[in-house]
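Given the structure of chain A, go ahead and fit chain B onto it with the hints provided.
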Amino acid sequence: MEMAPLFFLLLVAFGTAEITLPDLPGYGYSDLEPFMDEATVRVHHDGHFAAYTNKLNDALEEINTLSPGTLPEDPVDMARNYNILVNRLRKKVTQPLVIKFRNNLGGYLAHDLFFRGLTPAKAKPTEYSGLQTLGTALKKSWGSLEDFKEKFLDESSKFFGSGWVWLVLELKSGELMIMQTKDQDTPYSAGLEPIMCIDMWEHAFYLKHKNDKQGWGQDFWRLVNWEQAELRYLAAQEKRAEKYPVAGDGDL
Amino acid sequence: LHCCSLLLTSVTNMIRQAVFRGLNRTGVRSASSFPFEMPTLPYAVDALQKNGISDQTLGTHHGKHHCGYVTKLNAALESKKDLQAQTMEQLITSQPAGPIFNCAAQTWNHTFYWNSMAPGGGGSPTGKLKDAIEAQWGSVDKFKEEFSARAAGHFGSGWVWLVQQDGKLAIMDTHDAGCPLTTSGVTPLLTCDVWEHAYYIDYRQDRPSYIKSWWACVNWDFAAANMA
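Chains as they are written, first to last, in my numbering: chain A, 1 to 252; chain B, 1001 to 1228.
Incorrect hints may appear among the rest.
The calculated lysine-lysine pairs, modelled on PhoX-like cross-linking and capped at a C-alpha distance of 25 Å, are [said to hold, decoys possible]:
hint	chain 1	residue 1	chain 2	residue 2
1	A	K213	B	K1072
2	A	K213	B	K1064
3	A	K210	B	K1064
4	B	K1072	A	K158
5	B	K1072	A	K208
6	A	K210	B	K1130
7	A	K208	B	K1168
8	B	K1080	B	K1050
9	B	K1050	B	K1212
10	B	K1050	A	K55
11	B	K1072	A	K149
12	A	K243	A	K140
13	B	K1130	B	K1142
14	B	K1144	B	K1130
15	A	K182	B	K1064
16	A	K213	A	K124
17	A	K100	B	K1080
18	B	K1080	A	K158
Which stretches of chain A does chain B cover? Using the computed rule of at least three CB atoms under 8 Å from a CB of chain B, they are [said to hold, decoys possible]:
hint	stretch
19	34 to 48
20	156 to 169
21	196 to 204
22	239 to 245
To be clear, the hints were calculated from the coordinates, so they are not data collected in a lab.
By construction, the Cβ of each residue, glycine as well, lies at the ideal position given by its N, Cα and C atoms.
With the rest of the complex left out, here is chain A (with noise of 0.2 Å):
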């Protein structure tokens, strides 16, 4: 009997490959510190982001069996649909498991970004070194960047529960704004490109800062990739205009 073709149906039929628990970024455990605790990159990572990943290929796996073709392949994509995709999976899958697509999405495209947000404080020549559009447009939204990173660290210092503050692109109006999302949702699914972010859940900083949020806050941002926020406003710029070709705005 032929294998391969029944392989590859079975394939399609179940959905594709497994979602693989990316590295840390061009940094080992203990590149972070002293403004990120080797323990805390640890467990965050092989713990915490693990998890969150293995989860969602679970979820992933009935999801597909349930209701195949449904789906897209790229996470993001899935984020970015939630809501269509969600309703199209109502009548095929159970609350409990919509819930754990949704956290575990969420908690895998969430850390994602954030460990793919940060770099050793002494790989960066300056403090915001990589800014450059991205450098203009914060200035001009907020007077300055030492503004912006107050109104974001008041954001996040003042945060409540479990959750995340971000820096996104809202696509349709093309405007630079700080939002906050509790548990493990992100933005995606509002139409608001993710520039960078910081988790606020009190695993991210509490062997190091307890409950000071504002210390963690300023470590945070001696780790931040200012390089990738750039390169993710310039591809959020790009989805816009894909998504908004006749945009009002002619700023950029």
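Only chain B this time, still in chain A's reference frame:
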């Protein structure tokens, strides 16, 4: 001699229950309002260490988080003359979602949590409480299994509660600062804090192991005293 021992036990239980009721739920003097006193821990900071909740955890949890909520609450009420006469419970039931509700509810929740544990805790419930648990779940073990599953499964910050509602026992979970006082007809009996700060020092992300420790500390007397 047997009669004396029985009498002694029931008198001790009566005193214990009276003490818990008198303690009142906020751990501060009855009917107090702004400015609220700092809450107290009902036992030494290392009292639960032998059962897996360390002195570092209790010290930070009580000293920074719990006391921090009272400090913030008092600061927020400084400029709100119209709220200054309200007790903690009144603030919890009257205030909409926001910083004042969060601080009041978290103050109350944490006091209830300290009392839900005891250095001599653990073991099994007895009497009326045991009967009520068995009536609802079949056995104490089944109840503990379900409570543990709810505690482990709560996503994000929150609390898991054993409550009494319509004469029956039930398990409830609340998110972030959620407090059962805001649902009418619900009497809380016990709570387990599942915010990460409750267990991260001792267990990192291993919440199930923390829950096992919580069971080793659980204060059944407090639960029984809270029953309506």
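Against the structure, the hints come out as follows:
no.: 1; hint: A:K213 - B:K1072; in the structure: holds (14 Å)
no.: 2; hint: A:K213 - B:K1064; in the structure: holds (12 Å)
no.: 3; hint: A:K210 - B:K1064; in the structure: holds (8 Å)
no.: 4; hint: B:K1072 - A:K158; in the structure: holds (11 Å)
no.: 5; hint: B:K1072 - A:K208; in the structure: holds (22 Å)
no.: 6; hint: A:K210 - B:K1130; in the structure: violated (38 Å)
no.: 7; hint: A:K208 - B:K1168; in the structure: violated (43 Å)
no.: 8; hint: B:K1080 - B:K1050; in the structure: violated (44 Å)
no.: 9; hint: B:K1050 - B:K1212; in the structure: holds (13 Å)
no.: 10; hint: B:K1050 - A:K55; in the structure: violated (34 Å)
no.: 11; hint: B:K1072 - A:K149; in the structure: holds (24 Å)
no.: 12; hint: A:K243 - A:K140; in the structure: holds (23 Å)
no.: 13; hint: B:K1130 - B:K1142; in the structure: holds (12 Å)
no.: 14; hint: B:K1144 - B:K1130; in the structure: holds (12 Å)
no.: 15; hint: A:K182 - B:K1064; in the structure: holds (23 Å)
no.: 16; hint: A:K213 - A:K124; in the structure: holds (23 Å)
no.: 17; hint: A:K100 - B:K1080; in the structure: violated (42 Å)
no.: 18; hint: B:K1080 - A:K158; in the structure: holds (20 Å)
no.: 19; hint: 34 to 48; in the structure: holds (count 3)
no.: 20; hint: 156 to 169; in the structure: holds (count 4)
no.: 21; hint: 196 to 204; in the structure: holds (count 3)
no.: 22; hint: 239 to 245; in the structure: violated (count 0)
Consistency note: the structure conflicts with the earlier hints numbered 6, 7, 8, 10, 17, 22.
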